[in-house]
Each structure stands twice: as structure tokens, then as C-alpha cells.
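Next come the chains, spelled out residue by residue.
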Amino acid sequence: DTGVSQDPRHKITKRGQNVTFRCDPISEHNRLYWYRQTLGQGPEFLTYFQNEAQLEKSRLLSDRFSAERPKGSFSTLEIQRTEQGDSAMYLCASSLVGGSAGGQNEQFFGPGTRLTVL
Amino acid sequence: GEDVEQSLFLSVREGDSSVINCTYTDSSSTYLYWYKQEPGAGLQLLTYIFSNMDMKQDQRLTVLLNKKDKHLSLRIADTQTGDSAIYFCAETPHSSASKIIFGSGTRLSIRP
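For the protein sequence lines, the chains are A and B, in the order given. Under the working numbering, the residue at position 28 of the first sequence is numbered 28, and the numbers go up by one with no gaps. Position in the second sequence (first residue = 1) + 118 = the working numbering.
Don't take each hint at face value.
[Stated by the list, open to error] Here are a few chain B residues that sit away from chain A, every Cβ distance over 10 Å (derived from the structure):
1. V137
2. S202
3. R229
[Claimed, not checked] Pair by pair, the computed Cβ-Cβ distance ranges are:
4. A:Q50 / B:N139: 30 to 38 Å
5. B:E120 / A:F74: 27 to 35 Å
6. B:N139 / A:Q41: 14 to 22 Å
7. A:F74 / B:E123: 16 to 24 Å
8. A:E28 / B:P230: 23 to 31 Å
These are computed hints drawn from the structure, not numbers from a lab. No experiment lies behind these values; they were computed from the predicted model shown. Glycine residues also receive a C-beta, built at the ideal position from the N, C-alpha and C atoms.
Just need the whole structure built from these sequences, with the hints factored in.
As C-alpha cells, then:
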């Protein structure tokens with residue numbers, strides 16, 4: 001396993017269009033996270049899954065955003081009716097929690113999908 | 119509240135030590151982290167410290183935690199050009215054992 005992968009790496013879309021991003025976590029990891037990073041800022045938490053269950057959502061995640069992890073493996077993040085303010089880098093991370101993993105919840109990040117909304 | 123603050127820029131001479139500072143607001147944070155982000159690359163966890171520790175050393179990296187002042191620092195000894203990157207301080211807040219709250223990042227540049 002080479003780490004967390006995200007697809008596409010770049011997406012340019014027009015305002016009002018829908019976009020979907022995919023994240024493939026490290027295979028044995030049970031948690032998957034989505035973050036958003038704008039220029040000059042640190043990543044901001046959006047949501048996370050434990051296996052297929054979505055357990056926490058940030059107030060940043062408006063009703064235009066939806067995330068799924070149907071089989072507890074890969075995840076998709078969809079943004080409907082995109083707005084220029086949605087332009088950002090969308091980061092996915094995964095971690096292994098429980099068992100012998102330790103409590104530090106080390107999250108491994110993917111390279112991100114850069115979204116530009118024109 | 120949950121907030122992490124750090125200075126935006128740091129410039130050091132090659133071979134000197136770099137010290138990046140961070141303050142946080144959640145006194146009940148469990149873990150604190152330092153991440154590194156290089157252009158075009160993903161975030162890489164450099165090191166972390168549990169909240170009941172004062173110091174952690176890992177090769178050229180030394181993390182100091184002052185819980186009373188809610189201050190975290192990262193010292194990089196013998197700074198090299200390959201250390202040029204943005205360094206993010208981050209915490210796991212007490213309110214959620216899962217998400218990580220990041221600072222805005224400190225851009226470290228190395229002078230020859």
C-alpha cells in the first residue's frame with residue numbers, strides 16, 4: 001500500500017456545477033477524514049467516518065456537501081451547486097484506531113484535490 | 119474554544135537551530151502534533167506529544183510542551199535546506215477525540 005490516494009488531483013468547474021472527489025485510504029485503516037485547506041491557512045476539519053458510519057460533521061459542512069463511505073473503504077465527497085467560496089484544497093486522511101494502534105490517532109494525509117470554481 | 123496560533127514566517131541560517139512556536143486554547147487537549155507540508159506534497163506528521171509529557175526528542179527534533187502557558191514549540195537542530203516547508207502545529211481537542219485542529223502554519227525559509 002502506497003498511502004492515501006485522492007482523485008482527481010485538480011478540478012476546475014463552473015459555479016453551479018456539481019463535483020465529486022474520491023479518497024482511497026490506507027487499506028487497514030478504519031477511520032477516514034475530510035479536511036479543507038484554503039490558501040495561507042491550515043486544514044479545517046469537515047467530517048470523519050469510522051468504517052462506514054459518519055460520526056462527526058463540522059458546521060463548515062453545509063447541506064450542499066455530502067460525504068459517503070459505503071463499504072468502509074473508499075470515500076466520496078460531493079459538492080452540489082458549487083460556489084466560488086468552495087475553491088480550496090480538499091484533503092483526505094486515514095488512521096487506524098483501537099487495538100494495538102495506540103491513542104495518538106496518527107492521521108496520514110493524501111495529496112489533496114485542488115478545486116477551482118470559476 | 120478550540121484555537122491554535124502560530125507565527126507566519128521564520129527565516130534561519132543553514133546549520134542554525136530553528137524554533138517554531140505555537141499557542142493553543144484547549145487546556146484539555148490530549149495530543150499535540152507537528153506536521154510538515156512541502157510544496158506539492160501532502161501533510162506529513164513529524165512528531166507528536168501526549169499532554170502529560172513536557173518534552174520529546176526525536177533525532178534533530180525536540181518538542182517542548184508548557185501546559186500551564188498552553189505553549190508548544192518545535193526545535194529543529196542543524197537546519198538544512200531540505201527543512202524548508204510550512205510547519206503546522208495541531209491538537210486533538212477534548213471535545214472530539216478524532217478531529218485535529220490546525221494552526222495557520224509557519225513558513226520556514228533557510229538562508230545560505
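Given the range 30 to 38 Å, decide if the beta-carbon distance of A:Q50 to B:N139 lies inside it.
Check passed, 34 Å falls within 30 to 38 Å.
B:E120 paired with A:F74, Cβ distance criterion 27 to 35 Å
Distance hint for B:E120, A:F74 holds at roughly 29 Å.
Is the nearest Cβ of chain A still more than 10 Å from the Cβ of B:V137?
holds (19 Å)
Does B:R229 sit more than 10 Å from chain A, CB to CB?
holds (22 Å)
Taking 14 to 22 Å as the hint, is the beta-carbon distance of B:N139 and A:Q41 inside that range?
holds (18 Å)
Going by Cβ atoms, does B:S202 stay more than 10 Å from chain A at every point?
holds (17 Å)
Falls inside 16 to 24 Å, the C-beta gap from A:F74 to B:E123?
violated (35 Å)
Can you let me know if the beta-carbon spacing of A:E28 and B:P230 is within 23 to 31 Å?
violated (43 Å)
The structure fails hints 7 and 8 (numbered hints given earlier, in ascending order).
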